[in-house]
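From just these sequences and the hints, can you work out the full model?
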Amino acid sequence: MMKSAGIEENLLAILDSASDSKHTPDANDDRLAFLEAVRSACVVNENPPTSKMCEAVFQVLRVGKSLELITESFRLLNELDKRFPHVYLSEKEASESSHLIVVEGGWSPFLFNLESASRERGAGCRSISGPLDSLGFLQLMQELGEVANEGNLQALEIKSLRNMLVFQYLINALEGDFLPRNRVYEETMNWTHLRESLLNLLLSTRKINYKGLMKDCLTIMCGLFDVSAGISEDLESPDNAAAKLSHNDNTASALALFELGNNACFALQKLLIMIMDLDMSRKKADMQGSTTRADGVRTPLMEIILDEITYDTDMLSPFLKVFNEPKWKLEIILQYFSKYTTRLSTRTRRSNGPTDDATTFSGVLNCLSNVTSTRSITKKISADVVQVLLAHAFQAHLSLSCQQDADGIAASKDEGRGSSLAEICENIISAFSNLRRTDA
Numbered sequence: 001m002m003k004s005a006g007i008e009e010n011l012l013a014i015l016d017s018a019s020d021s022k023h024t025p026d027a028n029d030d031r032l033a034f035l036e037a038v039r040s041a042c043v044v045n046e047n048p049p050t051s052k053m054c055e056a057v058f059q060v061l062r063v064g065k066s067l068e069l070i071t072e073s074f075r076l077l078n079e080l081d082k083r084f085p086h087v088y089l090s091e092k093e094a095s096e097s098s099h100l101i102v103v104e105g106g107w108s109p110f111l112f113n114l115e116s117a118s119r120e121r122g123a124g125c126r127s128i129s130g131p132l133d134s135l136g137f138l139q140l141m142q143e144l145g146e147v148a149n150e151g152n153l154q155a156l157e158i159k160s161l162r163n164m165l166v167f168q169y170l171i172n173a174l175e176g177d178f179l180p181r182n183r184v185y186e187e188t189m190n191w192t193h194l195r196e197s198l199l200n201l202l203l204s205t206r207k208i209n210y211k212g213l214m215k216d217c218l219t220i221m222c223g224l225f226d227v228s229a230g231i232s233e234d235l236e237s238p239d240n241a242a243a244k245l246s247h248n249d250n251t252a253s254a255l256a257l258f259e260l261g262n263n264a265c266f267a268l269q270k271l272l273i274m275i276m277d278l279d280m281s282r283k284k285a286d287m288q289g290s291t292t293r294a295d296g297v298r299t300p301l302m303e304i305i306l307d308e309i310t311y312d313t314d315m316l317s318p319f320l321k322v323f324n325e326p327k328w329k330l331e332i333i334l335q336y337f338s339k340y341t342t343r344l345s346t347r348t349r350r351s352n353g354p355t356d357d358a359t360t361f362s363g364v365l366n367c368l369s370n371v372t373s374t375r376s377i378t379k380k381i382s383a384d385v386v387q388v389l390l391a392h393a394f395q396a397h398l399s400l401s402c403q404q405d406a407d408g409i410a411a412s413k414d415e416g417r418g419s420s421l422a423e424i425c426e427n428i429i430s431a432f433s434n435l436r437r438t439d440a
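Counting from 1, one number per residue, gives the positions in the sequence shown under the working numbering.
Worth flagging that the hints you see were computed from the coordinates, not collected in a lab. Note that the structure is predicted; figures quoted are calculated from it, not measured. For every residue, glycine included, the Cβ atom is placed at its ideal position computed from N, Cα and C. Incorrect hints may appear among the rest.
DEER-style ranges, computed between Cβ atoms [what the hints assert, rightly or not]:
(1) 85 to 159: 46 to 56 Å
(2) 187 to 150: 42 to 52 Å
(3) 287 to 380: 23 to 33 Å
(4) 384 to 85: 38 to 48 Å
(5) 146 to 436: 39 to 49 Å
(6) 16 to 335: 27 to 37 Å
(7) 142 to 313: 37 to 47 Å
(8) 85 to 380: 45 to 55 Å
(9) 314 to 150: 15 to 25 Å
(10) 65 to 97: 23 to 33 Å
(11) 436 to 159: 42 to 52 Å
(12) 289 to 67: 45 to 55 Å
No farther apart than 30 Å at their CA atoms in a straight line, the calculated lysine-lysine pairs in the DSBU-like style are these [claimed, not checked]:
(13) 215 to 52
(14) 380 to 215
(15) 207 to 159
(16) 215 to 339
(17) 321 to 379
(18) 284 to 207
(19) 159 to 215
(20) 211 to 65
(21) 321 to 270
(22) 159 to 22
(23) 270 to 283
(24) 283 to 321
(25) 65 to 159
(26) 327 to 270
(27) 159 to 321
(28) 339 to 283
(29) 284 to 339
(30) 207 to 283
(31) 65 to 52
(32) 327 to 379
(33) 339 to 379
(34) 52 to 211
(35) 339 to 327
If you want it as structure tokens, here you go:
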């Protein structure tokens with residue numbers, strides 16, 4: 001502890017002349033020197049960083065005004081979290097359950113503790129670059145939304161790039177805290193582990209509109225995907241790129257935005273997946289009576305996604321393009337179909353058991369196996385939408401099949417993957433043929 005305290009004092013002294021508002025070349029050189037010193041002391045020489053050291057690196061990320069500063073601080077934060085996790089699973093014997101280790105007083109980029117938040121406010125919010133509370137996270141999301149809405153290379157600013165890196169790091173931090181907790185919950189069914197997770201604390205706060213935040217996540221993810229796709233097209237066309245970038249000579253930033261935009265989309269997807277996993281665990285805890293009134297009530301994210309892509313058809317295709325995690329993607333599509341095909345499947349199901357249930361991929365294809373049932377479905381869902389859903393469901397099914405083959409896992413009939421690939425392909429062809437007959 002004494003050694004860490006001495007290292008902390010020496011390293012933080014490097015930043016004495018580099019306040020948050022000071023961005024001179026000398027101040028930036030001091031910040032870079034500090035980042036390199038932290039990497040040498042903690043990553044290379046394997047000395048655990050203190051909370052103050054991690055917070056100082058996070059401050060560099062949040063106030064940095066150069067690509068070098070924000071990318072180096074982002075990389076260092078992730079290296080430190082990977083090398084010195086604050087929540088992790090202990091080593092165990094094959095017959096034992098995992099044991100969750102939570103480092104007391106460990107660094108977190110979030111500030112959900114009421115006493116800590118009050119102390120920050122009492123100190124006059126000493127810095128806008130410290131850990132974020134729920135309102136700070138909401139503000140960051142709003143600023144990401146502005147980037148997604150802008151979609152203009154000429155409007156690029158370092159702040160946009162910085163916000164995307166900050167967001168990615170926050171999602172990495174949420175993931176590092178949530179995954180080991182969720183794994184232990186699945187083994188022990190102790191809801192307390194997930195109740196105390198950063199993700200659950202973030203979503204449970206009354207300071208933000210949860211449903212509105214989730215809708216914003218979907219909109220931003222689709223918007224950033226469009227921005228990245230537009231930049232990709234511009235950069236692939238030298239004449240186009242030169243014309244757009246000549247005004248501000250921001251080619252490096254454009255390339256960075258393309259990469260960061262894709263990574264931010266992936267981070268948003270990770271956030272959505274974690275929330276749906278949390279919802280599944282929460283449902284189990286509810287059924288076991290492990291939750292209390294203090295846990296509150298929250299609409300499952302799956303329902304919010306289905307509502308958004310059902311009633312906003314302009315979002316359907318962009319969402320399915322950017323959301324590429326096959327397990328949840330297929331589940332979302334099957335849930336979408338089940339809203340319109342459950343009763344129909346009862347009349348058209350064959351005799352080969354649960355595989356033909358309308359909540360499985362084989363069952364959905366069975367509902368489109370003849371012109372009559374296909375026409376009934378297209379009266380409720382347009383043929384264009386059905387085609388998009390089928391194409392992405394087939395893509396997700398193939399991805400899952402490849403994963404299972406690689407992992408040596410047998411296909412699960414309960415998840416609608418009991419049919420052979422040849423059968424699925426034949427049924428896909430039949431479904432599109434019937435769609436063509438009902439809507440030439």
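Exercise. Which of the numbered hints above does this structure break?
Worked result: 1, 6, 7, 10, 13, 20, 34
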